[in-house]
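J.: Make the full structure from the sequences, and use the hints.
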Amino acid sequence: MSKNTFGAKQILRVGSTDHTYYSLTAVPGLEKLPYSLKVLAENLLRTEDGANVTEAHIRALANWDADAEPNQEIQFTPARVVMQDFTGVPCVVDLAAMREAMLALGSDPEQINPLNPAEMVIDHSVQIDISGRSDALTRNMDLEYQRNAERYQFLRWGQGAFENFRVVPPGTGIVHQVNLEYLARVTMACEKDGEMLVYPDTCVGTDSHTTMINGLGVLGWGVGGIEAEAAMLGQPISMLIPQVVGFKLSGEIPAGATATDVVLTITQKLREHGVVGKFVEFYGDGVAQVPLANRATIGNMSPEFGSTAAIFPIDEITLDYLRLTGRDAAKIALIEAYAKIQGLWHDPKREVKYSEYLELDLASVVPSIAGPKRPQDRIELTQAKAAYQLAEPAYRAENSTSDPVKVQLANGENTQLQNGDVVIASITSCTNTSNPSVMLAAALLAKNAVDRGLKVKPWVKTSLAPGSKVVTDYYAQAGLWPALESLGFNLVGYGCATCIGNSGPLAPEISAAVNDHELTVVSVLSGNRNFEGRINPDVKMNYLASPPLVIAYALAGTMNFDFATQPLGQDFDGTDVYLRDIWPDPQDVQKTIEVAIDAQMYARNYDSVFSGDARWQALDTPASEIFTWNEESTYIRKPTYFTGLTMDLTPVEDIFKARVLAKLGDSVTTDHISPAGVIKADSPAGKYLSAHGVEPKDFNSYGSRRGNHEVMIRGTFANIRLKNQLLNGVEGGYTMNFLTGEQETIFDAAQAYAKENVPLVVIGGKEYGSGSSRDWAAKGTALLGVKAVICESFERIHRSNLIGMGVLPLQFPEGENAESLGLDGTEEISITGISELNKGITPQNVVVLAVGATGKRIEFAARVRIDTPGEADYYRNGGILQYVLRNLARTD
75 MSKNTFGAKQ ILRVGSTDHT YYSLTAVPGL EKLPYSLKVL AENLLRTEDG ANVTEAHIRA
135 LANWDADAEP NQEIQFTPAR VVMQDFTGVP CVVDLAAMRE AMLALGSDPE QINPLNPAEM
195 VIDHSVQIDI SGRSDALTRN MDLEYQRNAE RYQFLRWGQG AFENFRVVPP GTGIVHQVNL
255 EYLARVTMAC EKDGEMLVYP DTCVGTDSHT TMINGLGVLG WGVGGIEAEA AMLGQPISML
315 IPQVVGFKLS GEIPAGATAT DVVLTITQKL REHGVVGKFV EFYGDGVAQV PLANRATIGN
375 MSPEFGSTAA IFPIDEITLD YLRLTGRDAA KIALIEAYAK IQGLWHDPKR EVKYSEYLEL
435 DLASVVPSIA GPKRPQDRIE LTQAKAAYQL AEPAYRAENS TSDPVKVQLA NGENTQLQNG
495 DVVIASITSC TNTSNPSVML AAALLAKNAV DRGLKVKPWV KTSLAPGSKV VTDYYAQAGL
555 WPALESLGFN LVGYGCATCI GNSGPLAPEI SAAVNDHELT VVSVLSGNRN FEGRINPDVK
615 MNYLASPPLV IAYALAGTMN FDFATQPLGQ DFDGTDVYLR DIWPDPQDVQ KTIEVAIDAQ
675 MYARNYDSVF SGDARWQALD TPASEIFTWN EESTYIRKPT YFTGLTMDLT PVEDIFKARV
735 LAKLGDSVTT DHISPAGVIK ADSPAGKYLS AHGVEPKDFN SYGSRRGNHE VMIRGTFANI
795 RLKNQLLNGV EGGYTMNFLT GEQETIFDAA QAYAKENVPL VVIGGKEYGS GSSRDWAAKG
855 TALLGVKAVI CESFERIHRS NLIGMGVLPL QFPEGENAES LGLDGTEEIS ITGISELNKG
915 ITPQNVVVLA VGATGKRIEF AARVRIDTPG EADYYRNGGI LQYVLRNLAR TD
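Numbering (the numbering used here), first residue to last: 75 to 966.
It is worth saying that the hints were derived from the structure and are not from the lab. Hints are not guaranteed to be accurate.
Unchecked claim - BS3-like mimics (lysine-lysine), calculated; alpha carbons at most 27 Å apart, straight line:
1) K531 to K521
2) K797 to K861
3) K423 to K322
4) K761 to K840
5) K529 to K480
T.: In C-alpha cells, the structure reads:
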C-alpha cells in the first residue's frame with residue numbers, strides 16, 4: 075500500500091463507478107514532464123513504500139533536468155508481463171526450478187507465482203516447411219505440434235500450476251499484434267483494498283519489440299527473460315530516469331510511400347542521432363495524421379534504433395482504434411477520462427521540454443529497403459540495385475561462379491540461378507503484418523500483377539504469415555486471397571516465421587545449387603531483423619522491405635534490379651509492365667480498409683483466444699504444483715543455476731589469468747551469441763541431440779529448445795556467420811584453445827578451460843549484444859564460464875541480462891578499443907577491483923592487465939557497467955533470480 079506522502083489519492087467518477095487514482099497534480103513539476111515520464115511518475119506515486127520507492131524518488135522526477143546525464147535511480151513496477159514462447163519457455167522452466175529451490179531453502183514453493191498478469195503468446199515455433207500451396211497452414215501446424223508437443227504440454231502445465239499466467243495457443247497470432255489488438259488495457263482497473271484502483275497500463279516483455287505497444291500509448295519495452303521473471307515475482311525494475319528525445323512529426327506520407335518506409339527512415343535517423351537508453355516521444359501536429367497501425371509499426375522498431383521506448387501519447391486516434399478492435403465502450407470512456415484528468419491526453423499545441431529534439435516531415439519519405447544485414451542501413455529504392463552491387467563482393471565466396479547455374483525444379487521445369495537472386499520473399503513479422511495499410515497494399519498489388527499476367531520467378535520461396543487471424547478475415551472480405559495465392563503467397567501460419575529464422579528449407583535443388591556453386595543469394599522480408607545467419611543458412615544477404623515490395627521482388631526475382639527502368643514482365647498483350655503500373659493507389663487502399671475491416675472481426679477472433687484448437691485441447695498435461703522433470707527429455711531440462719544455492723552470499727572475487735574465449739568486432743548481435751535458427755548436424759548441439767537419439771529431421775530450432783540448457787550452452791557463440799578474430803578467415807562457432815594451441819569449437823574449448831579452472835572473458839566492439847532480448851545470450855555466456863565481457867559499448871537489454879546472470883560488463887576507456895590498446899586476444903587477462911563490491915561499493919572503474927606470451931603488459935582502466943545499486947545487488951548475489959529467491963525465502 076502506498077505511503078501517499080503527497081496526498082495524491084483522488085476519486086474519478088466515470089459512469090456510475092468511483093475510481094481511485096494517484097493524481098500527478100499533487101506534486102508540482104510533474105505536470106510539466108513528457109508523457110512517458112508522467113507514466114513513470116504515477117508509477118512511483120502509487121508504489122511509494124519508503125524503501126524501494128521514496129519521496130526523494132518522486133521529487134527527482136518532479137525536478138527532472140532534461141539536459142542532465144541520467145544519474146537518478148528509480149524502481150519501476152510494470153503492471154503486466156508479456157512473453158513469446160522462445161523466450162517465455164525458459165521463464166516458465168526457471169519458475170518451475172525456483173519452486174524446487176524454495177523447497178530446498180525450507181520455504182513455501184507456492185510463493186513462486188506471478189503477482190501481476192503474465193501472458194504468453196506461442197508465436198515463434200511455426201516453421202515454413204510447406205509453402206506456396208493451399209494446405210500449407212494445416213501441414214505446417216501439424217509439424218509444429220509434432221516437434222513441440224513436449225514444450226506445449228509443459229506450458230499447459232504452467233498455465234494450470236501458476237496463478238496469473240495465461241497462454242495464447244499456437245496458430246493465433248504474433249505476440250505484439252495480439253498485445254495490440256487484445257491484451258493491452260491502456261488503462262488498468264482492478265479492485266485493491268476495497269477500492270477500484272485505476273492507473274496506466276505498463277508492461278515489459280520477453281521480446282525486444284514489446285515496444286510495439288508504445289503506439290497505443292502504453293509504456294513498455296523488452297527485457298530479458300531473467301528480468302521478466304523477477305518482474306513477475308514482484309521485483310521492481312531498477313532503472314535510471316532517462317533522457318527523452320522529442321520527435322516532432324509534420325506533414326503526411328506521400329503516395330507511393332508506406333508506413334514501412336516511414337519506419338526505415340525514422341530508424342536510420344534515430345540510429346544516427348544516438349538514442350540508446352533513451353525514451354523517444356512523438357509529438358506535434360503530424361501525430362494526428364499517423365494512424366494507430368503506423369504508430370505501432372514505428373514503436374515496434376524501437377530496438378532497431380536503440381531506444382528503450384518510442385511512444386505516442388493517447389488521443390482520439392487511440393480511442394478510434396480501441397473501438398475498431400472491439401474494446402468495451404465503458405472501458406474506453408474510462409481510458410479517455412483518466413488520460414485527460416492526468417494530463418496524458420495529447421495536446422499538439424503544448425510542447426514540453428525534451429532532452430533533445432528531432433523532426434521529420436512525413437512528406438519527405440520515399441520508398442526504401444534496408445540491408446543487407448542491419449535494419450538501420452536504409453537504401454532508397456531508386457538506389458537499391460547500385461547498393462546491392464556495391465555490397466555483394468564482400469559476401470561472395472572465393473570459389474563462387476559468376477555464371478548462371480542450370481537448375482531443374484521438382485516439377486520438371488528448367489531454370490537458372492545466379493548471384494543476387496531472391497530465393498526467399500516472405501511477408502512476415504509483427505512490424506508490418508499488424509498494419510492493414512501495407513498488408514492490403516500488398517494484396518492489391520498482387521491482384522494488379524495477376525490481372526496483368528505477371529508471375530513470381532520459379533526459384534523464389536514465397537510465404538505469408540499474418541500477425542493475427544483478423545488479417546485472414548479482411549483478405550477474405552476484400553476478395554484478395556485468390557490473387558495472393560496465384561502468386562504463391564499462401565497462408566503458411568500465424569507467427570514470426572521467417573523473421574525469427576524459421577523460414578524453413580529451400581527446395582532441395584535450389585539449396586544444392588546455392589551450396590555447390592557457393593552462390594550469394596538473397597532474402598527479402600517484411601520483418602524487423604535481417605542479421606547475418608538469422609534468416610536461412612543458405613542465404614547471405616537479407617533485406618527488409620514493405621509487404622508490397624516483398625511481392626515486387628518476388629516478381630523481379632533478383633536484387634540486381636531497377637524498378638524504375640526494368641519491367642517486371644509482360645502482360646497478355648506483350649506490353650512491358652513496370653512496378654509503377656501495378657502499384658496500388660493510396661485511395662484504393664483506404665477504401666478497401668473501410669469496406670473490409672470492422673469491429674466484429676476482432677471480437678469474433680478474440681472471443682476464445684485462450685482456448686486453442688483441437689490439437690491444443692488434446693494435449694495430455696500433468697496437474698501438479700511441482701513439475702516432474704523427465705531426465706530423457708531433449709526439450710525441457712532442469713537448469714543448474716540454483717544447484718547448491720544457500721542463503722549465504724559467495725564473496726565476489728577478482729579475476730586472474732583468464733583466457734579470451736572470443737574476440738569479436740562491432741555489431742555482434744544476440745543472434746551471433748545465441749542463435750534461434752537451424753541446428754546443424756555437425757555442431758556441438760547437433761552432436762548432443764544425435765547422441766540422445768534425435769534424428770536431424772527432428773532437431774527443430776535453437777529457439778524451440780531453449781528449455782534445455784544442454785542444447786543452448788552448445789549453441790552459444792555457434793552462429794555460422796560469427797567471426798572470432800582469434801582465428802584467421804574462419805566463420806562459425808570456433809576459437810583457439812590456448813591450452814592446446816589448436817582450433818576447437820567454442821563449446822569444447824570452454825569445457826577444457828573449465829576442467830583446468832581457467833576463467834574466461836569475451837572481448838567485443840561497439841553495440842555488443844544488439845538485437846533480440848535473448849536471455850540465453852547471457853545464460854549461455856555464463857554457463858560457458860565467461861566471467862566478464864569487455865567491449866566498446868553494450869545494447870541495453872543484453873548488458874542487463876549479463877548482470878542478471880552474474881557476468882561483469884566492462885567498457886574500454888572512452889575512445890579506446892582492443893586494437894588501439896594493442897590487444898590481440900592471446901593474452902592472459904586479470905581484472906582487479908571487482909572485490910570492492912563486497913564492501914557495498916560499486917567501483918566506477920577496474921584495472922585490466924593483459925599479459926602476452928612474450929611478457930608484454932597492457933594495462934587500462936575499464937568502466938564498470940553496473941549502473942544502479944539494484945544491479946550491484948544482483949551481481950553480488952550471483953544473479954537476479956538468486957537475489958529474488960533469497961529475498962522471498964527471508965520473508966517467508
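J.: All hints are to be evaluated individually against the structure, with a verdict given for each.
T.: Quick rundown of the hints versus the structure:
Proximity of K531 to K521 is assessed by CA-CA distance (about 16 Å); at most 27 Å being required, the pair is judged to hold. Using a Cα cut-off of 27 Å, the hinted pair K797 and K861 holds, with the two alpha carbons roughly 21 Å apart. Using a Cα cut-off of 27 Å, the hinted pair K423 and K322 holds, with the two alpha carbons roughly 12 Å apart. For the given pair, K761 sits about 33 Å from K840 by alpha-carbon distance, which is inconsistent with the 27 Å threshold.
Restraint check: the Cα-Cα separation between K529 and K480 comes to about 20 Å, which is no more than 27 Å; the hinted pair holds.
Violated hint: 4 only; the structure is consistent with all others.
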